[in-house]
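A.B. asks: Listed here are the chains, written in short residue letters.
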Amino acid sequence: MIKMRGLVLTGASFALTMSVVVNAWMQKKQFYPTVVYLTKSSPCMAVLYLQAFVFVLLLGKLMRKIFFGQLRPAETEHLIEKSWYAVTDTCLAFTMFRDDFSPVFVAAFTILLFLKAFHWLLEDRVDFMERSPVITFVFKLRVLSLLAILLFCDVFFVKTSYQTTLTKGASVQLVFGFEYAILATIVLTVFLKYVLHLIDLQSENPWENKAVYMLYVELVTGFCRVLLYICFTAIMVKIHTFPLFSIRPMYLTMRQFKKAVSDIILSRRAIRNMNTLYPDATAEELASTDSTCIICREEMNAPAADAQPMQNATGVNKKLPCGHIFHASCLRSWFQRQQTCPTCRLDILQNQTRPQTPPQRPAPPPAQPGQGPYPPMYPPMYMPPPNMQHPMFQPPQNGQAPNPSTSESGNSAPSTSTAPPVFSPPPMPPIPGTGPMFMPPMPFMPPPPPIPPNFEGLSEDQVRSMEGHERRAVEMRIECLRNISLLMDAAFHQVQQYITVVQAQGDAGLRINAMPSFATQQQQQGSSSQADVTSGSHTNEKQDTSSGPTSTEDVPGPSGLPQTSAETNDTADAPSSSSTSNNGCETDDIPADANELRRRRLAKLLSDKSSPDHGKDD
Amino acid sequence: MVGSALKRLMAEYKQLSLNPPEGIVAGPVNEENFFEWEALILGPAETPFDGGVFKTSLLFPTDYPMSPPKMRFISDMFHPNIYPDGRVCISILHSPGDDPMGYETSAERWSPVQSIEKILLSVMSMLAEPNPESGANVDASKMWRDDREQFDKQAERLVRKSLDLPPDL
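Those protein sequence lines, which keep their order, are chains E and Y.
Mapping the first sequence onto the UniProt record's numbering, position 469 (from 1) lands on 469, and the numbers just tick up by one.
Mapping the second sequence onto the UniProt record's numbering, position 94 (from 1) lands on 94, and the numbers just tick up by one.
Bound conformation, chain E alone:
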């Protein structure tokens, strides 16, 4: 239908032109007067313009047949869409150069549009290479010859406009020069992409780095284009006026460039994460799950033992912190777009520290019950004798004291493991909740007592002190409180992590300033229920005596610990709470202090729960 109409229109145009020319010839009978007549008469010129337009279209169709064959629907759609924008821009340009308006000028713009259309088509066609499984020799020939022709045209027009500008001064030629220069960058991009696609098609294995090279091609050519546009705008503003018609393409180019830059950054980060953070999946892990990579739907094979040097080959599979396994290459291309696990959408960047912590992570759970509302379960190291506090918790170097103890537990040498140095420095000592992270691995220390299942650890008195309701209800409450304590422990871990960050910045002063305020805050909150504390410290003493000696054994000698006996540990409690003001450095006080305060707070929570009316007073 459309084809028919086009044919009719073309025929009509030819007929019209013929009639106009024949009519003129009949009137003037001579060549020269005929030409003059034709150019002087506006209707005749309109018909001739129309004819020229039809010629251009026909030529375009011919060239398309030669270089592209049949266009795909998507290509046609792109072409039409882009053409409309280009025509609009051109019309805007016409308004700027209305003084220069002439047939030559219109012709120049038509040629520009014509060539632009072929650039777009070529771009699309080369992009299509990635999708099409078969690339014929004809295809290569077409692409290469068209590339050569377009490049030649671009260079030729740039040169012409350059010379015109030099000889005749700035004019519309400047606009053409820049337009063709930009088209030349497109030719360059297309050529580079073509080469990349060709290399990819030639190789047997998927070319992992192709995407990266494509990004760099985009980046470089995008940068060239941005530079060209900036120069163009600057020059135009200087000699003429602001080039309105180039705003749209300029904006698009800038946006594209920005995207190229951010793509590069993201992909670099993705690759770095891939290589450093996530462990390779082992053969067992692969076997235990469905061994299909959900991204590409292909098998994941465990890498052979001798395939070590091929780091980026498809054979390597990566395991994310959430336990999902993918091909490294698939995962990388996904991370270029988004930093989440494709399956469960765990945010990978936020969980970066996770994979490093496992050495310590398993530790807290056994200790946590001990942090419950019941003082007896406090790990012994919390109540070191006052003389120990100084050497142990004062400066950063000593803060690492617990470290040797972890390594003594036999799994690794002190300096080989990567994680401890990161986490061990002083951050923890001041914060009670985090202390146990270091303790548990100690070989001789009895594990913190588990929470008695029947709450037999509580005397009848203690139960009665909680309002004397029936035992079952109290137990339920305790259950609930234990959950609260767990939450609070989590909060303390977070606080500890913040402190780690603060200290990682190497600002010791910050720490000293920040900690006391933290402590005083706690003091204000927790200073109410003194009674609970005393009862708590009693039981704590017992705990200390039982495990004190073993814990001291583990701490290296120089700190003077070996000499301290169980007896000194026994007396530890009283001073630790009262001696806070005596110690020179404020940071030292916090361990005992905050520890105590926390206990008070928990105790208070406990009492609040069991007697709601009292709780309201606070």
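Any given hint could be a false lead.
Result set (EDC-like, lysine to aspartate or glutamate): computed pairs, CA atoms no more than 20 Å apart in a straight line [as the list claims (entries may be wrong)]: (1) Y:Lys14 <-> E:Glu298; (2) Y:Lys7 <-> E:Glu299; (3) Y:Lys7 <-> E:Asp200; (4) E:Lys140 <-> Y:Asp164; (5) E:Lys116 <-> E:Glu218; (6) E:Lys116 <-> E:Glu81; (7) Y:Lys70 <-> E:Glu284; (8) Y:Lys161 <-> Y:Asp146; (9) Y:Lys7 <-> E:Asp127; (10) Y:Lys70 <-> E:Asp127; (11) E:Lys210 <-> Y:Asp63; (12) Y:Lys7 <-> E:Glu298; (13) E:Lys259 <-> Y:Asp63; (14) Y:Lys70 <-> E:Glu81; (15) Y:Lys70 <-> E:Asp124; (16) Y:Lys14 <-> E:Glu299; (17) E:Lys116 <-> E:Glu77; (18) Y:Lys7 <-> E:Glu284; (19) Y:Lys153 <-> Y:Glu129; (20) Y:Lys118 <-> E:Glu298; (21) E:Lys319 <-> E:Asp263; (22) Y:Lys70 <-> E:Glu130; (23) E:Lys319 <-> E:Glu284; (24) Y:Lys70 <-> E:Glu75.
Everything labelled a hint here was simulated from the structure, so no lab data went into it.
Bear in mind that the values here come from a model prediction, so they are computed numbers and not experimental data.
With the hints as your guide, set chain Y onto chain E.
C.D. replies: Frame of chain E, contents of chain Y only:
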């Protein structure tokens, strides 16, 4: 060597032809180009679209499955979540960056875990249960909410049209 996108599309095509899900037929328009598909979706039973066979097109990007395909109904549709021009507005077809309606959490967006089959099944369930909150077609949303009878009639007409039957009188 063929690209990973093509490989995966071929794998999905194979999968879809071996065990086709009920009410769905899908495949590339021609075997030369695996990036343009057509799919037929059967209107889910006991819904206004019951019995209709709706034709859709799927356009895949070169970086599939990293980016979602574009889906469009070729058959005429009147549905709150289908734009008047046939584009489908469901969250799993949106990459996590864009959110045309501003209501989707990233959890329901596109991810490489999704597949053509899942998309088509989601579209089927969307036909059964429109989400009027993200109205791609405001008229349809309004009619669906306020005048269900009229909406059902409209849907019935489209079903007949999709089957090339003369409209009911």
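A.B. asks: Does each hint hold? Answer for all of them.
C.D. replies: Hint check results:
1. Y:Lys14 <-> E:Glu298: OK: lysine 14 (chain Y) and glutamate 298 (chain E) at ~13 Å, within 20 Å.
2. Y:Lys7 <-> E:Glu299: Cα-Cα ~13 Å, so holds.
3. Y:Lys7 <-> E:Asp200: holds (14 Å)
4. E:Lys140 <-> Y:Asp164: Violated, at about 44 Å.
5. E:Lys116 <-> E:Glu218: Since the Cα atoms of lysine 116 (chain E) and glutamate 218 (chain E) sit roughly 19 Å apart, the hinted pair holds (cutoff 20 Å).
6. E:Lys116 <-> E:Glu81: holds (13 Å)
7. Y:Lys70 <-> E:Glu284: Violated, because 39 Å separates the two Cα atoms, which is more than 20 Å.
8. Y:Lys161 <-> Y:Asp146: violated (24 Å)
9. Y:Lys7 <-> E:Asp127: The given pair, whose Cα atoms are some 17 Å apart, holds under the 20 Å limit.
10. Y:Lys70 <-> E:Asp127: holds (17 Å)
11. E:Lys210 <-> Y:Asp63: Cα-Cα ~12 Å, so holds.
12. Y:Lys7 <-> E:Glu298: This hinted pair holds, its Cα atoms lying about 9 Å apart.
13. E:Lys259 <-> Y:Asp63: Within the cut-off at roughly 16 Å; holds.
14. Y:Lys70 <-> E:Glu81: Given pair lysine 70 (chain Y), glutamate 81 (chain E) holds - Cα atoms ~18 Å apart, limit 20 Å.
15. Y:Lys70 <-> E:Asp124: holds (18 Å)
16. Y:Lys14 <-> E:Glu299: holds (16 Å)
17. E:Lys116 <-> E:Glu77: The given pair, whose Cα atoms are some 15 Å apart, holds under the 20 Å limit.
18. Y:Lys7 <-> E:Glu284: violated (27 Å)
19. Y:Lys153 <-> Y:Glu129: holds (16 Å)
20. Y:Lys118 <-> E:Glu298: holds (18 Å)
21. E:Lys319 <-> E:Asp263: The given pair, whose Cα atoms are some 23 Å apart, is violated under the 20 Å limit.
22. Y:Lys70 <-> E:Glu130: holds (18 Å)
23. E:Lys319 <-> E:Glu284: holds (12 Å)
24. Y:Lys70 <-> E:Glu75: The given pair, whose Cα atoms are some 16 Å apart, holds under the 20 Å limit.
This entry does not satisfy hints 4, 7, 8, 18, 21, going by the numbered hints stated previously.
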